[in-house]
Amino acid sequence: MNSFIALIRQDIALAWRQNSAGLSISFFMMAVALIPFGLGPDLKLLRDIAPGLVWVALLLAVLLSLESIFQADLEDGSFDQYLLSGTPLEILMLAKGLAHWVGVVLPLVLTAPLAGLLLNIDTPSLLPVCLILLAGSPAMSFLGMMGSALAAGVSRSGLLAALMVMPLYVPLLIFGSSALSQILKGAATGDWINAVFLLLSIGGAALFFGPLVAAAGLRAFLK
Amino acid sequence: MINTYNFSQSDILIEGKSLTCHRSARLVFTGLDFTMKSGMAMMVQGANGAGKTTLLRLIAGLLPLSSGSLKRPETASLYHYLGHQNAIKKQKTVKENVSFWAEFQGNGASRISTKDALQTAGIDGLADIKTAALSSGQQRRLALTRLMVTPRPIWLLDEPLTGLDDDGKDWLTDMAQAHLKKKGLIIAASHEPLAFTTHDLKIGGSKR
Numbered sequence: 001m002n003s004f005i006a007l008i009r010q011d012i013a014l015a016w017r018q019n020s021a022g023l024s025i026s027f028f029m030m031a032v033a034l035i036p037f038g039l040g041p042d043l044k045l046l047r048d049i050a051p052g053l054v055w056v057a058l059l060l061a062v063l064l065s066l067e068s069i070f071q072a073d074l075e076d077g078s079f080d081q082y083l084l085s086g087t088p089l090e091i092l093m094l095a096k097g098l099a100h101w102v103g104v105v106l107p108l109v110l111t112a113p114l115a116g117l118l119l120n121i122d123t124p125s126l127l128p129v130c131l132i133l134l135a136g137s138p139a140m141s142f143l144g145m146m147g148s149a150l151a152a153g154v155s156r157s158g159l160l161a162a163l164m165v166m167p168l169y170v171p172l173l174i175f176g177s178s179a180l181s182q183i184l185k186g187a188a189t190g191d192w193i194n195a196v197f198l199l200l201s202i203g204g205a206a207l208f209f210g211p212l213v214a215a216a217g218l219r220a221f222l223k
Numbered sequence: 001m002i003n004t005y006n007f008s009q010s011d012i013l014i015e016g017k018s019l020t021c022h023r024s025a026r027l028v029f030t031g032l033d034f035t036m037k038s039g040m041a042m043m044v045q046g047a048n049g050a051g052k053t054t055l056l057r058l059i060a061g062l063l064p065l066s067s068g069s070l071k072r073p074e075t076a077s078l079y080h081y082l083g084h085q086n087a088i089k090k091q092k093t094v095k096e097n098v099s100f101w102a103e104f105q106g107n108g109a110s111r112i113s114t115k116d117a118l119q120t121a122g123i124d125g126l127a128d129i130k131t132a133a134l135s136s137g138q139q140r141r142l143a144l145t146r147l148m149v150t151p152r153p154i155w156l157l158d159e160p161l162t163g164l165d166d167d168g169k170d171w172l173t174d175m176a177q178a179h180l181k182k183k184g185l186i187i188a189a190s191h192e193p194l195a196f197t198t199h200d201l202k203i204g205g206s207k208r
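Taken in sequence, the protein lines are chains A and B.
For the first sequence, this note's numbering assigns the number 1 to the initial residue and increments by one for each residue that follows.
For the second sequence, this note's numbering assigns the number 1 to the initial residue and increments by one for each residue that follows.
This is chain B alone, in the form it adopts within the complex:
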């Protein structure tokens, strides 16, 4: 049971109605509506400061909502959040970082071995290198490896393409499409077009 990777048994619904969010007295966005179900991928677009990151953090439960209603699964461990920061420990090697996540997030029940995960990510040659020595693109690949190592149905990706080369983008697209096929759900904020998204959500940046 642990190794199965199919979320269809319990369909997931994330629904926001007239969402409003303030960050330190500044109105970030207001009147945001969307509905997301298992198997859907939404791309959040908007100018700098429009509140893309804020929206992702709201959905992840990392930020409180000012007003509006947000229906979301409450269980924190259903969410993968890939932020601007990669949550990588510089003093540790690539391999050690991955096995920490497998143990920390997945309770050791990873469906993929550390070695295989790194191979798919194209950084298996760097397994024993301290992550401080990696390029920013390689670090991003390492952070994205987390999505593979611990299966979680909801992916919240903040600018996932940052630093990735064409190869890396293809890898992410393949991974995302496989995730959607398994009834996963993806919400990604990006300025660059994403090949795997099916829906768009535009956040108006007019009210700064």
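The shape of chain A in the complex, shown without the other chains:
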């Protein structure tokens, strides 16, 4: 249990010092801010494409941070120490996933609704938008760590990880952006609340399978 907590704390501290969240947030904001330049000042168009746009930009921003989950540990020898820690690797992977969620994805998701202002999303919708993104956020980390682990050790693993994770993000994108569209159309809470549960259940499944897949992938890489 101590190893679990120690690893979470270490990884959050490292994410903070490397400013991983800051980089992802900046990337996301830049991506969203560039769109109006490309599309012209059509407010209605911006509002219509905002749900898909926010989700795509958000997922891309998360992809950017995936390489950092395992690469440093494999390069500096920390991974050997994980294997000899006496704590099952799956548990440690769960710790790494949680740390990525808290250290990178959560700050990103919490600042993301601000970008909604750039896309002409009205202020009362911001809270529900935030809720939807928050519900999808655990899945972003734990689906992401699968790809990151499977790509680990390959040079430029970040790119490969992104390629593997993108298809896994499709369900998040579909359910997430359709819920956002509903919210922006002013639909009642009952119309989109199901999406929250759906996103959370994807997250739950990823929380279970992500660490297992990551541990298996990294073990296979080391042998």
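Bear in mind the hints are in silico, worked out from the structure with no lab data behind them.
There may be inaccurate statements among the hints.
[Said to hold, decoys possible] Sample of chain A residues facing chain B (criterion: CB under 10 Å; computed from the structure):
#  : residue
1  : Ser26
2  : Asp76
3  : Ser78
4  : Phe79
5  : Tyr82
6  : Gly86
7  : Thr111
8  : Leu114
9  : Thr189
10 : Lys223
[Said to hold, decoys possible] From chain B, some residues computed to sit far from chain A (all C-beta separations above 10 Å):
#  : residue
11 : Arg111
12 : Leu134
13 : Lys181
Glycine is no exception: its CB is placed at the ideal position from the N, C-alpha and C atoms.
Keeping the supplied structure of chain A fixed, place chain B upon it in accordance with the hints.
Only chain B this time, still in chain A's reference frame:
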């Protein structure tokens, strides 16, 4: 109980019989025999590429065996493995690295305080410095500090002397001899002579 540092209650045996190991289709070594018991220190010698690191990783359970039999305690947390990489986080300070290991490996039940460990290692003046700023010898000292911070009976040391000055070598020798007295077990791969080893194992590098 937690703070005692004596492994004699359960004698440890590591025994390899006609060990063979392949790494990506290349035969690294074959027909390797050795027996190690608590209180023994073995130095593994061999040319570059003879398989010294491979042998240490095999014993640690980090690599699978191709053929032969290897008797070893299965519990991962009995092993200290000091590899070529120091497992140091560059963004963190010396002190933070040590206290992470104490918590992560030793479940917080360190028998020595972080401050004392750093003092013995001769790097206590650097406690609050980011490890990225350390010299390679200082980083090696920091990595070796792990052996003190969390007591584990089996030490697998891969080129432990790399980067160490004479002072550092003496420190390692003292630490190793104290470990052997407490019925610990050491297997070290090195090109330089080690003052604390009692047995030698030569890996023939003829079959590349």
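**Item:** Interface restraint verdict for Leu114/A against chain B (beta-carbon cut-off 10 Å)
**Value:** With a closest approach of 28 Å, the Leu114/A hint is violated.
**Request:** For the hint on Asp76/A, just tell me whether its beta-carbon gets within less than 10 Å of chain B.
**Result:** Result: holds, 5 Å to nearest chain B Cβ.
**Request:** Would you check whether Phe79/A satisfies its interface hint, that is, whether its CB is within less than 10 Å of any CB in chain B?
**Result:** holds (8 Å)
**Asked** Can Tyr82/A be said to touch chain B, with a Cβ gap under 10 Å?
**Response** holds (9 Å)
**Hint status (Cβ of Thr111/A to nearest Cβ of chain B, threshold 10 Å)** = Since the shortest Cβ distance to chain B is 23 Å, the answer is violated.
**Reported absence of Leu134/B from the contact zone with chain A (all CB gaps over 10 Å)** = Non-interface label stands for Leu134/B: nearest chain A Cβ at 13 Å, farther than 10 Å.
**Prompt:** Minimum Cβ separation between Arg111/B and chain A greater than 10 Å?
**Reply:** holds (15 Å)
**Asked** Taking the closest Cβ pair, is Ser26/A under 10 Å from chain B?
**Response** Violated, because the Cβ-Cβ distance from Ser26/A to chain B comes to roughly 19 Å (cut-off 10 Å).
**Item:** No chain A beta carbon within 10 Å of Lys181/B's
**Value:** Holds, because the least Cβ-Cβ distance between Lys181/B and chain A comes to about 23 Å, which exceeds 10 Å.
**Prompt:** Does the nearest C-beta of chain B fall within a distance shorter than 10 Å of the C-beta of Lys223/A?
**Reply:** Check passed: Cβ of Lys223/A comes within 6 Å of chain B, closer than 10 Å.
**Request:** Go through the hint on Thr189/A and say holds or violated, using the shortest Cβ distance to chain B against 10 Å.
**Result:** violated (43 Å)
**Message:** Does Ser78/A hold up as a contact with chain B if the rule is Cβ-Cβ below 10 Å?
**Reply:** With Cβ-Cβ at 5 Å, under 10 Å, it holds.
Comparing the model with each earlier hint shows violations of hints 1, 7, 8 and 9; every other hint is respected.
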